[in-house]
Amino acid sequence: MKKGTLRQILLITDGCSNQGEDPVAMAALAREYGMTVNVIGVLEENERTDGLKEIENIALSGGGIHQLVYARQLSHTVQMVTRKAMTQTIQGFIHKELQTILGSDKEIEDLPPEKRGQVVEVVDDLGETMDLEVLILIDTSASMQHKLPTVEDALLDLSISLHSRIGQNEYSLYAFPGRKKQVERLMDWTPQMKDIHKIFPKLSSGGVTPTGPALKEAIDAYQKKRSKRGMLEDDGFIEESGS
Amino acid sequence: MTDSSKNQAANVSYGTKIRGKWNNECYQIEKRLGNGALGTVYLANSRKGHVAVKVGNDTMSISSEVNVLKQLSKVQGSVLGPFFYEMDDWEVNGKRHPFYVMEYIHGEPLFSFIQRRGKEWLGILMLQLLRDLSVLHREGWVFGDLKPDNLLVEGAPPKMRWLDVGGTTVIGRSVKEFTEFFDRGYWGLGSRVAEPSYDLFSTAMIIINAAYPKRFDRPKENSEAYLMNKIDSSSILKPYRTILRKALTGKYQHALDMRNELFTLLQEDNPKSTARVKTTSRVTTRKQSKKTKNHKRTRWVETVLLFALILTIYTLYLVGYGF
Chain C
0 MKKGTLRQIL LITDGCSNQG EDPVAMAALA REYGMTVNVI GVLEENERTD
50 GLKEIENIAL SGGGIHQLVY ARQLSHTVQM VTRKAMTQTI QGFIHKELQT
100 ILGSDKEIED LPPEKRGQVV EVVDDLGETM DLEVLILIDT SASMQHKLPT
150 VEDALLDLSI SLHSRIGQNE YSLYAFPGRK KQVERLMDWT PQMKDIHKIF
200 PKLSSGGVTP TGPALKEAID AYQKKRSKRG MLEDDGFIEE SGS
Chain E
0 MTDSSKNQAA NVSYGTKIRG KWNNECYQIE KRLGNGALGT VYLANSRKGH
50 VAVKVGNDTM SISSEVNVLK QLSKVQGSVL GPFFYEMDDW EVNGKRHPFY
100 VMEYIHGEPL FSFIQRRGKE WLGILMLQLL RDLSVLHREG WVFGDLKPDN
150 LLVEGAPPKM RWLDVGGTTV IGRSVKEFTE FFDRGYWGLG SRVAEPSYDL
200 FSTAMIIINA AYPKRFDRPK ENSEAYLMNK IDSSSILKPY RTILRKALTG
250 KYQHALDMRN ELFTLLQEDN PKSTARVKTT SRVTTRKQSK KTKNHKRTRW
300 VETVLLFALI LTIYTLYLVG YGF
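Chains C and E are the protein sequences, given in the same order.
Per numbering that gives the first Met the number 0, the very first residue in the first sequence carries number 0; after that it's consecutive.
Per numbering that gives the first Met the number 0, the very first residue in the second sequence carries number 0; after that it's consecutive.
Heads up, a few of these hints could be off.
[What the hints assert, rightly or not] Which residues of chain E face chain C? A few of them, derived with a C-beta cut under 10 Å, are:
1. M86
2. P97
3. S111
4. Q114
5. T178
6. E267
Don't read these hints as lab results, they were simulated from the structure.
Positions of the beta carbon are idealized from the N, C-alpha and C atoms, including for glycine.
Please take these sequences and the hints and turn them into a complete structure.
This is the structure in structure tokens:
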């Protein structure tokens, strides 16, 4: 049985966007396409970020999770946010299924504690076995420059966690701003993340932060991937969860 | 991680009565025992006496932990996690907090126990841990988030107990909850697939942590050489060198393999017995070396006693002479 694929956009940034479309709107659009937008805000020690509200809003309208961390905690956070977001998406689906069975006003919490265990098992099972696609958007504007080695570590760490799952994984990597255009593709869809250290040192950063256009590009990339694959494959239920 | 949003249930104050919505049992909070990733654990008084109550926010993750605890409680002949009593919901101020009730383990943190009682306990407690792990693995589970914070030493005779089993994972799946220092993925020395060797790596790191209480970060590259260097520069760790290396590089497939080698090591006093150990089969070796050890000890005790006797007589003689 094909269980479907979870599609995530993982945005790693340290502040406010200042160019192009509103990223919150783009995140809402991504959600309509059945993707989840997760945002990780990378802070300096003792830094208070003004981008806080935007980071939160992007994740909210993208149906995902946001988390603010200091650079040194990034590794642990990236894999955890990705995991949590997967679980959340799956739970959203299970929740709907439960409502069709139990009635529209019922939630998991309305089940007696003994019955909840079975629901949890189903969620765990899907989280372990479903295929996952993660499109990673990295803010490479000037202030992010010295945090990029940590981002690289965190992404490698993410791939260790995801590859320990039973389900398949695919990654794609984009940087914004790019050298020639707003958004630049660094790595096309691939099941392996191990080559990213070759890509990272090449990153050069600019002054602007076109977060909205980056999200838009991510949606396009997902659309292209789908059309390439054609209509033969049934991509399963998760696509519905955004509508 | 910023914990403000996660731990809304973190401050249940002293004396608060938590009443379950489904089972109607009442628990009176006495004090906070600790904060876990998914909630806060309190000591509480109930009809069963003292119990530990974990209050969380997220029903799914609390239910997930309950699943594990229930499974572990079923394992016959071994006490693995804390004994599980029940799960319920506590409604207060219009908010619903899932909670579960388990056995209260009245123990001492692993390292504080070793510090108080002597470092020879490290090896012994690790033997206990490895035996329990072998049972857990046999049941098809891996502990996952194995670290000193999750281990307590309880009672007399001292027994190692597991506190937080939230990271326990079915073998073959991926470990979701871990702590970097004890995670082989962090050190670049393996995957996060739940398999016995994952726990054995963490066990080795616990032993290393005993010698380096402040822990340390990974190097840019070649973690294995870095860790071996740390081992060699510690007098506590040096005797364990071979075993630690094998555990760190995933050479042990079973907890019992590591346990047997650790056991042999703890029994050995001189290199001669090592040579003999290798030629015979494992089970008999264990018995034999135990016997030799006992012999050795008796002989040693005799010598000491004799010496003490002579010394006493001599002292008496000197004292007598003084008069």
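request  = Hint by hint, work out which the structure violates, then give me just those numbers in ascending order.
outcome  = 3, 4, 6
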